[in-house]
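**Student:** Residue numbers (the numbering used here), protein chains in the order written: chain X, 1 to 234; chain A, 1001 to 1286.
Among the hints, erroneous ones may be present.
[Unchecked claim] A few chain X residues facing chain A, derived, Cβ under 10 Å:
{"#": "1", "residue": "E3"}
{"#": "2", "residue": "R4"}
{"#": "3", "residue": "V40"}
{"#": "4", "residue": "L47"}
{"#": "5", "residue": "G126"}
{"#": "6", "residue": "P129"}
No lab work stands behind these hints, which were simulated from the structure alone.
The beta carbon of each residue, even a glycine, is placed where N, CA and C say it ideally should be.
Here is what each chain is made of, one letter per residue.
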Amino acid sequence: MGERSILIEFEPQISEICLEKVLFYKNQLENFYLKETVEVINTYNSLLIIYASNIENVYDELLGVKEVLSGTNIVKKLKSKLHHIPVCYDPEFGLDLPYISEQKKLTQKQIIGLHSVPVYTVYFTGFLPGFLYLGGLDEKLQISRRESPRMLVSKGAVGIGEKQTGIYPKSSPGGWQIIGNSPVNFFDKNQDPPCEILAGDKVKFYAVTRSEYDVIFNEVKSGKFHLRSEKYEG
Amino acid sequence: MKAEIEVLQPGLFSTIQDKGRFGYMKYGVPMSGPMDSNSYHLANLILNNKPGIAVMEITQMGPVLKFLHSGYLVITGADLKPRINKNLIRNYIPYFFKVGDELSFGGRQNGCRCYLAVSGGFNTREIFGSQSWYEGITDHFHLGKGMRLEFNGSTSIPSGNASVKYETLQFKKEEIQVFPGPEYDKLPDILKTEILSHKFKIDKQNNRMAVQLEELVSNSLKPIITGPVIPGTVQLTPSGKLIILMRDCQTTGGYPRILQVSENGINRLAQKVQGDNISFQLSPVQ
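All chains, full assembly: derive it from the sequences and hints.
**Tutor:** Here it is in structure tokens:
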């Protein structure tokens, strides 16, 4: 793609098996190159190798990449973490809970239950700094985007769009159905790296009350809050 | 005394840009960097600055700046009729400025963006390895009235006759070099011909994130599974709109990526304004 990147595509599917493969090869490529010369990013089924400057000899590079990719055929699962994320589903935040409840014939309590039970997979970060693409939403909660997007969705808003769920890391326009808000920072420009949660990690939501939300919000502000994270062996 | 520049009037849209960010796309952070990297590099070259140093990118209507320290400056790229005090100055030639001098701009003569480099470069805060301004990452994301910008006030004379003769007519050229994008082969032949043989007008929606084209094309391609995008990626939306992603673009997208603009093509696009014509010139994959 262009003069300074190489795109590698796997079969077009959104699945954990495909992600495992993508992340495994990403890791291989990262070990092959120096961090200063390339960055490797992944999406559901793609890897993009971006070079710091234009590629001088694309054929040599392609040969090198092919060698790395064909070196190992056994995909090994990489280490990952499970992060527990507090979400407040209070009516103040869950703007579209009544609409989803009506459309899906579920009580708001059932919606919250269905949303906070699964262990979600982080496929990658994109769209906005710190925006996680999460897979694993319960089918009963899958709902189309709003017909007209909101001009402003607040920071921390937890939304559902088709098969995906996610959190807006900053205030921005957005078309997803909003069901709650998380007081946690998903992108901190004063930290390097700015994100704690990485592609391949797992995420689980837990419901907090309105007053617990305020407590965590203030802890986050003063730097006292730490995400509860553990090693994940799936 | 700190070497500073005071912003008396902010103009339309100006930012500080250096070589851009590298290694943070995996967190969803755009690369940023100068829209027209050719003009940017020339500015630093003429002043004998280190390559990659921060300059000011000025869009269409320039600011009014007051120098609180002396030094050298050069302007490259679009001709926005720059003046030091009352005197018109020329692009691509270094000038000395004294304490209290004011830099202002008249009307746009050609191009869209010019680059103001000062000797030693601007000295704003670096975040994630770059000083390039971007909303949500850096403290500021465009110039504001009353702002004071620090620069490394070196007064060493730029080396030799470092002025560069530069063909500004190049900003009028309409051909944009492209390579086939990942989804190019999915386009029906008739649509390939349509896109490659027509002229397109730059839409009013054009900024550091993306340049949209006015004319719609017929589109039958389905959205793709969200995949990586980079500056220069040409997306085709379901409504037939062509969107060319620019330096501040997001890192992933779900529209088919039909073309990829070359680095020089991006630089040329960076000098286009609403209503300008462009046409795509397809080069085979390198």
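**Student:** Given R4(X) as an interface hint, is the shortest Cβ-Cβ distance to chain A below 10 Å?
**Tutor:** With Cβ-Cβ at 7 Å, under 10 Å, it holds.
**Student:** Holds or violated: is the Cβ of G126(X) closer than 10 Å to a Cβ in chain A?
**Tutor:** holds, 3 Å
**Student:** Is the interface hint for V40(X) satisfied, with its Cβ closer than 10 Å to some Cβ of chain A?
**Tutor:** holds, 8 Å
**Student:** Less than 10 Å between beta-carbons is the criterion; does P129(X) satisfy it with respect to chain A?
**Tutor:** For P129(X), the interface hint holds, since the closest Cβ of chain A sits about 4 Å away, which is under 10 Å.
**Student:** Does E3(X) meet its interface restraint, that is, does its C-beta lie within less than 10 Å of any C-beta in chain A?
**Tutor:** Because about 5 Å separates E3(X) from the closest Cβ in chain A, which is inside the 10 Å limit, the hint holds.
**Student:** Verify the interface restraint on L47(X): the C-beta must sit less than 10 Å from at least one C-beta of chain A.
**Tutor:** holds, 8 Å
When the structure is compared with the earlier hints, no violation turns up for any of them.
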